[in-house]
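S.K.: Below, each chain spelled out in residue letters.
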Amino acid sequence: MGLQDSSQDLSTEMEVDAFRRIFPLRFFERHLSESLRPDGRQLGKARDTIVNLGLVSTADGSALAKIGSTTMLAAIRMEVMTPSTDSPDEGCIALEFHMPPICSPTVRPGRPNDAAPVISKRLSDTILSSGMIDLKELCLVSGKAAWMGYLDIYCLDADGALFDAALLSAVAAFSNLQIPVVALNDNGRIVAITGGKDQDNASITEKEAVNKEKRKLTLKNIPFSLTCILHKNYILADPTTEEESIMDTLVTVVLDSSDQMVSFYKSGGSALAYSSAIKSCVELARKRAKELKQILGEMDID
Amino acid sequence: MEIDREDGRTPNQLRPLACSRNILHRPHGSASWSQGDTKVLAAVYGPKAGTKKNENAEKACFEVIWKPKTGQIGKVEKEYEMIMKRTIQSICVLTVNPNTTTSVIIQVVHDDGSLLPCAINAACAALVDAGIPMKHLAVAICCCLADNGYLVLDPNKLEEKKMTAFAYLVFPNTTLSVLPEGSSVGEGEPVEHGIITSVTHGVMSVDDYFLCVENGRAATASLSAFFRKNFQQSSSKVG
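Top to bottom, those sequences are chains G and E.
Quick note: the first sequence uses this note's numbering, first residue 5, plus one each step.
Quick note: the second sequence uses this note's numbering, first residue 899, plus one each step.
Below 30 Å or equal to it, Euclidean Cα-Cα: the simulated DSBU-like pairs (lysine-lysine) are:
#1 G:Lys49 / G:Lys297
#2 G:Lys283 / G:Lys125
#3 G:Lys283 / E:Lys1059
#4 E:Lys1059 / G:Lys140
#5 G:Lys140 / E:Lys1060
#6 E:Lys967 / E:Lys1059
Don't read these hints as lab results, they were simulated from the structure.
Excised from the complex, chain E in its bound form (with noise of 0.2 Å):
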């Protein structure tokens, strides 16, 4: 039984993506991430010095600022400012700068469905661009779940308001290893099998949640892949 999809697309195919670096001036580091028709832009100031109040001054201190295309700043996108910046925090390492603040900024250009991983990609290549130490980097997807039971990733926001729920997944990228074993394992299975961040929306079964997780692992791997390409064949132009 297939789940027919209006852009012809198969449950598992991701939209076309499109990342470019390096196309702000100002900003010491910044992206923009399109998949499909949802476009974000960031764009990363840092690291200054001296840290929020109540934060580590031992560690350096990340702050996410997210502009929505129109309308005001709610709660809405207070949430998405907590969800990325955690994510960062996870994903980069503190100890190298401590007392300082990194900014990243997300402004987005197109809504069209999928768009806190689109920033989270997009703020992961926006962090490299800018020369952020990070342990990883995060690859994010959104996996939802259709009333029949169906699966299907990367959906435009037609098909994230007929589903009846949605998760947004963040992985750390697969590595490539020269070791001969491959990645590092934890916990009896490879890192990139671990969950950073993961916020569901609507009611699903804890079996569906799983097959979420699953089939997202098995997109973090072309979504990784993806990363790599364009990171390398941007630094062979200026080497």
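Okay, chain G solo, but in the shape it has when bound (with noise of 0.2 Å):
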């Protein structure tokens, strides 16, 4: 059974959209023997990303970050607590993502998603195994005062790729942080300084304010990641939902601004990964990483 010749404009488009929908590996397959995409894309192209910070005024940090249609929305509480007797010196960070019922018809209310906690876990290993944030910073006094960072990452469309969409805007909500003046007061507790109107205020800040200025963290070794379908032959950079439900098998590169693998992610599927498709998936790694370093270069991001 073959495509119907396009003799007439409305009757083709309905027969390419059946096409679609009743063969859509078939559909994929045409568009991939000539090295493109039904969304017009080179095979090894990622979609456009824009990345958007400050967005949320009540929270210390924020980032909106869009790859085609995937969003995601980054935001950081910052907490005083009492760092553990094992690291008296360091400060921690707990990372929650969220998939609510309105990125994807699949998401029901109340129904735990199952992908929504092994992501979650997936960046909390990349952000602290690749070594981005020094847990040392976030110490206020060694042995009774640290910073405790909340960073919750909601998917707000969920249109593939959702994990590098989510890396990139813990990324720079990391980046837009900043960490809220606090002092220490008369009972030896960590109070926090709001913008200095009244008297009250006046006299904490002429005492020692335990962090001088608003601070913001150093960021050291940056991980990048991207998202690569195997099938047969190609790869396929950044796919979109539709491609991640035909072709099943996916893997994950996260690279770091000094080009070490943080991460080499590949979950089952029907491709096996053999030496050359690694090599090609860490080959479009790197080439993401670039342009997403200039991404977050523009917007004034180290």
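Using the supplied hints, reconstruct the complex from the two chains, each of which is provided in its own coordinate frame.
M.R.: Have a look at this one:
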């Protein structure tokens, strides 16, 4: 059964859409044989990426990242806590990834999604093992007070490559983070200093503020990730949800700014990853890391 | 330059393997797999009628339930469940029993390092015991990288903590072919060189990752031989 010939425009459109729904794999393979994808992208090209900072005014740091239609909103809140006795000089980051029902028709309220805790754990593993954040910078008073950062990432639109977009939004939120100014008051407890409007605050600022000005974290070794699909001989970078549902072999490569591999994640899938495929995925990830570095650099993020 | 391992093993040496199948009576298939002190019990129930809500009804569906030794189920367990589910889906023939669900339950008996590979191996043995149709077995191994660049296979828990990075790799098992040409080839490399699943922790260079993959492939030959010997022994007892 082949495609109908394109003599009448309207009927051809109906036929193509029906073909796309009824024979999705054949529809995609016809495009792949021309080295293209239905949305016109080259096989190794990622979708347009946008990052916006500082959208949530109540949070200490926030960012919105969009890769194509996949949209992630990340926000960080800092709270003071007592550090654990094993690491009295270190703060802590708690990361949570949420998929509210708005993001996808398959997510329903009440029923916990299968993918969300897995992505949440992968993100926190990646961010902590890449060494992007030095937890010692989050220390206020050794052994007594340290910062705990609650990073929440909300998926607003799930259109494939969720991990990539979530990691990008987390990195951008950390770069946007302004740690609030605090001081040690008479009882030996940490209090937050607000805008310095009334006289009480003036007296506190006379005493030594524990961190002199609103500080930013230094980010070294920023991780950049790229998810690819392996299908027969083709490698498709940055898949959409439709592509992910038809071709099930996903590979995520995370590289950091010094070209070290932070993570190579392949979870099953009908296609096996041979050395040639691994090398190509790493190459595509390197190119993508350069693109993302440039995008973050344009927003004055280091 | 050799790296000294506490239990006296060479860097590429695996811990003693032990596998027993058909140890539980209620499940349709069961197996216990131990690598050194790490021991995992796997049970398979299925195929049962019906699939879950969002799953494809034209294929068989798998669900994995991971029970840790102690404590509540958290994100770590959910991640292991998802990795195992996707790995099992890629090795089983999904079209033979469509619209069915097969449950694989993993119970951790003792965790002494390299837990996920041990669980994947146990699940494979249990699936064989249950008679679930499979394309090939999945052979899982853990490779880790010490900070002086040395590669060590199948670490125990103390070694895992000291390492800078480690990778869990799952390969298809090596084929024993009656054809003189040997095993089938995909993309110019033998089929058993392809990676089914790879999960890494910690930062390593790209070349180090390729080294892990090579060493892992070499080790799967001995694991595959162990699988084959173990299954042949029990089937010869029955027959």
